[in-house]
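Chains as they are written, first to last, in the numbering used here: chain S, 102 to 405; chain B, 102 to 405.
Derived from the structure by calculation, the hints contain no laboratory data. Since the structure is predicted, the reported quantities are computational estimates derived from the model, not experimental observations. You may find that some hints are simply not true.
Copies of the same chain look alike in the list, so a pair counts if it works inside one copy or between any two.
Simulated pairs of lysine to any residue, SDA-like, Cα-Cα distance not exceeding 20 Å [what the hints assert, rightly or not]:
no., residue 1, residue 2
1, Lys356, Leu194
2, Lys151, Ala122
3, Lys106, Ala122
4, Lys151, Arg116
5, Lys356, Glu220
6, Lys151, Glu395
7, Lys356, Thr137
Number of protein chains: 2
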Amino acid sequence: MGAPKVDFPAWLAGRVRHIEAVLDQVLPEAGALPETLHQAMRYAVMGGGKRVRAALVYAAGQACRATDTATTIQDMALDHAAAAVELVHAYSLVHDDLPCMDDDALRRGRPTLHVRYDEATAMLAGDALQPLAFGLLAQMPIAPALIVQAVQILAHSAGSLGMAGGQAIDCASVGSVLTREELGTMHSMKTGAMLGASVLLGGIVAGASSTAREALESYAAAVGLAFQVADDILDVTSDTATLGKTAGKDALGNKPTYVSLMGLDGSRQFLEALHADARAAILPLGTAAARLDEIADYIVGRNH
Amino acid sequence: MGAPKVDFPAWLAGRVRHIEAVLDQVLPEAGALPETLHQAMRYAVMGGGKRVRAALVYAAGQACRATDTATTIQDMALDHAAAAVELVHAYSLVHDDLPCMDDDALRRGRPTLHVRYDEATAMLAGDALQPLAFGLLAQMPIAPALIVQAVQILAHSAGSLGMAGGQAIDCASVGSVLTREELGTMHSMKTGAMLGASVLLGGIVAGASSTAREALESYAAAVGLAFQVADDILDVTSDTATLGKTAGKDALGNKPTYVSLMGLDGSRQFLEALHADARAAILPLGTAAARLDEIADYIVGRNH
């Protein structure tokens, strides 16, 4: 495998279109009973978004698989893994937006789910998206032993020692001062865990060696943190229309961020260091990891 | 395997003590970060309960395994499966009790989780219990192909076509008149799906044949519905102190129940018919299914 033949924006746009089609297919029909719940699940999942997690699954899969195993069956498995991480991400946003959490009315330029429907439907839609994700992993057409590893990774990353735990620390930290280490722990759980799971799932499906998995883990740790630092910078430098969600909300809510801790310049320098870490981590994977490299550039350089 | 040597109440009490110890072990330590979330998860899970789902896992395992495969390893796998269904059940109660759902302040004679902690913690604790359950299945020391089947069953039973879907129908049906068929659909999803999953998981871990699985599925369908009919009868014939939750709440909330649809006598007759169905379903499994038979008796005869 050599350098990518399609430029990154075109590749990413293609992957976004593809995962949207996959998600449309794996979600229960809007007309299936219970209809309102299924419509709400679709509203939560199909409302756009950057699909960074799905892109990471595909890019890691591309980085790790040998050309001769790049079969249609493996592509199907990557689709399931990419859909699973997007479903978990979508559920987390729905619950995060609820009045008892961030109480946000706007997401991706649309009313949040509980505003469009109601709180009970929003909670249940989130609740139902989680098992749908695990079910998709269980249906991947790969060796059962690899599926079991994938389920373990998703379970750990979504749980109390991963995303849900990070969310809990985030809630508890409003109005308090965190050290850089505490802030790092919170974000590595809240955001980093699922970004890391995306990268690892792509590698597992592609039959990554243990060396390749280690490279992916280092990459994921750096990229996961970079994603959050970039988010904190955007929260103070961008506006609501560009973000598609309420800008300045973290600062307003007195939430600890990298910008509040390190200042804007300090945060930008930290972001560059993480970018360098991410690029260095995947050097052992060679040119096959070009998409992972480009995703790191994208995460550092994005403006929304 | 012959008839049980320990009488049912003693066996059930032993299984309850055992699963409590297993749950205590599989839940993250109360002192592990984030502490409040982990304490809340323990509050949700360790607060007693009948442990009917765990008992079904163990009884189905006993019904299906050959004596010579009754190894310690298989016992460990049954423990994980039993803990998984109890975790999912516990999460569903926590979310069900929230103000946007049933808004209940009392559960098993104690304040509900959001009353004891807060709504955000209750939502996140429920959210984190789900992946913990899937992670436990993935760690079962049995063939990966069987684990994959177990994950599929739990994913389906907990999702929008199972428990979460039944919950959504239940919410939407407040104040409306359901036919007996619609009520049956709602309950077979809301309660029956996870009871059925418990029975099937026990069978899968024990290496049940396809004939045995069919018997378990028929048994589970009858027992799952019987459980709900018994619950509806108890809601109007018992008091709050005995139930450990608010009695008469369904009738007050204008929720459709079997009693509101068929009357008290009609519901009791229906319960007896389901009991007979459950007993007939497991005849092919012989005396090894004695505990399943006794659980059916217990579900029909329980007073809380």
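Original post:
Are there hints from earlier that the structure breaks, and if so, what are their numbers?
Top reply: Result: hint 3 breaks, nothing else.
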